[in-house]
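Visitor: Please model the complete structure; the sequences and the hints are all you need to start from.
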Amino acid sequence: MAATEGAVVAGGQDQQPPPQARAVERLNPQVQQQLNLELVKTRAISLFKAITRILEELGGLARTNAVPKWQYILGQFSMVNLELYNIVEEIKNVSKAFVVHPKNVNAENATILPVMLSSKLLPEMEMDDNAKSEQLLHGVQNLPVPAQIEKLKTRIDMIGAACESAEKIIADARKSYFGTRQGPSLLPTIDKVQAAKIQEQENLLRSAVNHGEGLRMPGDQRQVTSSLPVHLADVLSVNDGTQSFSDSSGMYQKNTPPLMSTPSNNNQGTLLQASGAQLIGRPAASPSTGSTSFDNTTASPMQYANSPRSGANIMNTPSPQQQSHQQQQPQQLQQHQHQQRQKMMQLPPHQQQLLAQQQLRQSSMPGLGQNQLSQLHDMQNQTQPKFQSMHGQHHVQFSQPLAAQQLQGRQLTSAAMHMGTNQLSQGNQLNRQLNQFSSAANSALFNAAQTTPTSQMITNMSAMMPSQSILPRMQFGMSGGNRSLPAQNLSDQMFNMGAASASGMMPIQQQQQHGTQGAFGNMPQGAQNLQSGIVPMQNTQQNHPNFQQQRPQNQ
Amino acid sequence: MECVVQGIIETKHVEALEILLQGLCGVHRDSLRIHELCLKSVPNLGLVSSEVRLLCDLEQPEPTWTVRHIGGAMRGAGAEQISVLVRTMAESKVSKNALRLFYALGYKLDHELLRVGFAFHFNRGAPITVTVSSVNKMLKLHATDEAVPVTPGIQLVEVTAPASSENYTEVAAAMTSFCEYLAPLLHLSKPGVSTGVVPTAAAAAASLMSDGGGTTL
Chain A
1 MAATEGAVVA GGQDQQPPPQ ARAVERLNPQ VQQQLNLELV KTRAISLFKA
51 ITRILEELGG LARTNAVPKW QYILGQFSMV NLELYNIVEE IKNVSKAFVV
101 HPKNVNAENA TILPVMLSSK LLPEMEMDDN AKSEQLLHGV QNLPVPAQIE
151 KLKTRIDMIG AACESAEKII ADARKSYFGT RQGPSLLPTI DKVQAAKIQE
201 QENLLRSAVN HGEGLRMPGD QRQVTSSLPV HLADVLSVND GTQSFSDSSG
251 MYQKNTPPLM STPSNNNQGT LLQASGAQLI GRPAASPSTG STSFDNTTAS
301 PMQYANSPRS GANIMNTPSP QQQSHQQQQP QQLQQHQHQQ RQKMMQLPPH
351 QQQLLAQQQL RQSSMPGLGQ NQLSQLHDMQ NQTQPKFQSM HGQHHVQFSQ
401 PLAAQQLQGR QLTSAAMHMG TNQLSQGNQL NRQLNQFSSA ANSALFNAAQ
451 TTPTSQMITN MSAMMPSQSI LPRMQFGMSG GNRSLPAQNL SDQMFNMGAA
501 SASGMMPIQQ QQQHGTQGAF GNMPQGAQNL QSGIVPMQNT QQNHPNFQQQ
551 RPQNQ
Chain B
1 MECVVQGIIE TKHVEALEIL LQGLCGVHRD SLRIHELCLK SVPNLGLVSS
51 EVRLLCDLEQ PEPTWTVRHI GGAMRGAGAE QISVLVRTMA ESKVSKNALR
101 LFYALGYKLD HELLRVGFAF HFNRGAPITV TVSSVNKMLK LHATDEAVPV
151 TPGIQLVEVT APASSENYTE VAAAMTSFCE YLAPLLHLSK PGVSTGVVPT
201 AAAAAASLMS DGGGTTL
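In the order they appear, the protein sequences are chains A and B. According to full-length UniProt numbering, the residues represented by the first sequence are 1 to 555, in order. According to full-length UniProt numbering, the residues represented by the second sequence are 1 to 217, in order.
Heads up, a few of these hints could be off.
Here are the simulated DMTMM-like cross-link-like pairs (lysine to aspartate or glutamate), alpha carbons at most 20 Å apart as the crow flies [unchecked claim]: (1) B/Lys190 / A/Asp234; (2) B/Lys12 / A/Glu200; (3) B/Lys108 / B/Glu10; (4) A/Lys192 / B/Glu36; (5) B/Lys140 / A/Asp234.
Hints were generated in silico from the structure; no laboratory data involved.
Guide: Structure, rendered in structure tokens:
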């Protein structure tokens, strides 16, 4: 800064003496005026004084070793800086012809410095220059220079005027354009009244969509009075106007079982099956109706995990799936199997063996008769691999899909016959294909097998069959799904449940996992314990702890 | 699982919004006419009463039914930082027997509404669906032909995208960036958070509806 200001000062002062020294040579008065040397001199002197002042202050501080007032000093420096800047600007404007202001080469002026310093332009640049000047001075080159200057000036002024008018026109056009678009009010705000109305409407709308506020009709208006729209006409009959179906039996009569999904599966969207899947047609019976239907059967009332059961009680647990289901979901199959298992648990030991064997066969109710009892005796002590081998040997061939209850009934009776005849294992083949049998049928048959095969059994069984109301319970348990069975069961290939066969087994071990086969694996282990019992239809959790206890014991 | 935001727009600007969406999405609009039945279960069927929605698409020549269950929304500090609502949602196509089924299970009709409007389905980082519809209520049960709008001057705009628990952040980000394009016309927010209308919507709508500036001054 000191160097530049020195240069400036020198420049200012230098310019002053030459005009004065060479009296003959005077600067053009115009240039002199332009240079405004007096002003520059004044500024330079004041700048010099300010800097001197600062230097003195700093010197005094240094001598006295006092703490300088930095704020003040910085202020002084900034003032000096400002003055310097002013001077430089002034000189730059007028001294282009005399001095080269940028003393140092930097990026800014590196390109232009050579041109500034050169006495003659490069040939190309000279040609460009000439061409441009030719263009500009086309009409006025022959005139004297002042005239040329005048003409150029007028030309510049004309161009400037044209630009200004063009800008003005553009601004006017813009204003009018937007003016007509937006109308008189360009305000971006909405007035309060309107905003409040909109807010109110918005709240109405949002609550209607998200929560159904304002859309609920009072009960008396809920009757279907006018004709139903097309899409509902065949869905709802007029009688269906009221939405409560308390009579479960009505549902069963339908040939096409509706999709089954339990309300308790709120958090399990997966249970909402596509229409293609056929679930077991279960009546939407309330638990109360189920219990009453229990009473209808010869078996004992609902089984709970904690209550000891007699063998005959197992009859009650035919799963709801006994009824018309065409293809059972894996869960239901497992349920069925569980159910069966649970029934086995409650049987006397020899029957438990039957139960153990029953795990292997997924839907084979028929054929499980006393002939199997002996098999189970053997099987009970066998390890699982052995089970497998035995499993393979015993295959009960069951007739193919039970589509109708009648078929199931038939099978049940035939199974009862089987049991009566007391055939032994050799001829028996357990049918592993669950999808052929409703689990209810299996469980019913199994139960029949468990108890003494008498003719009474048969009658019991047939009496059992219509007890469909038991079924609903099963389903409830299915969905719950938080119990996870030990992996041992799951990997057991023996218990190869067909995808279709959802056993009506009580959900003790169940199937909280979709398609888990583990339930079956538990059976052998649990077979020892009769008391684990058939879980109550509704509540699988009750039995679960029992089972868990059983398993370690049996292993 | 889905990410969802809702907003409102005045009916007079819906056409402009459609133009904007047409330009942003690059697909044609699908007309929408959905009869939504909201069924609630009675408490004795479970621990708490649950709600399930049956949607019947009346636009098709053959009405198609869908069942949808909307679960709880994500909560917590992380959820508050996301500007969209992430909630569990399960949806499936069903047969027309679904309604009977639910009635048989013990569900009762809680309310019903009819949505009439249009929707755009496109992919922009995530498969996003924008639905602009007027929500209508039926004065008589199931009388979809005599439905009147709940709020005549305001329509509902919903932007949804399916998500899973692994990718919901990306889906939320894609949705947020898309929603910014709609800012001149409407504000979008989580369902339940009210937004108001955009003051400059009129101007934006006007410019969208203009024929490109060829007007003479």
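Visitor: All hints, please: hold or fail.
Guide: Okay, the hints, checked on the actual structure:
no. : hint                : verdict
1   : B/Lys190 / A/Asp234 : violated (37 Å)
2   : B/Lys12 / A/Glu200  : holds (18 Å)
3   : B/Lys108 / B/Glu10  : violated (33 Å)
4   : A/Lys192 / B/Glu36  : violated (35 Å)
5   : B/Lys140 / A/Asp234 : holds (18 Å)
This entry does not satisfy hints 1, 3, 4, going by the numbered hints stated previously.
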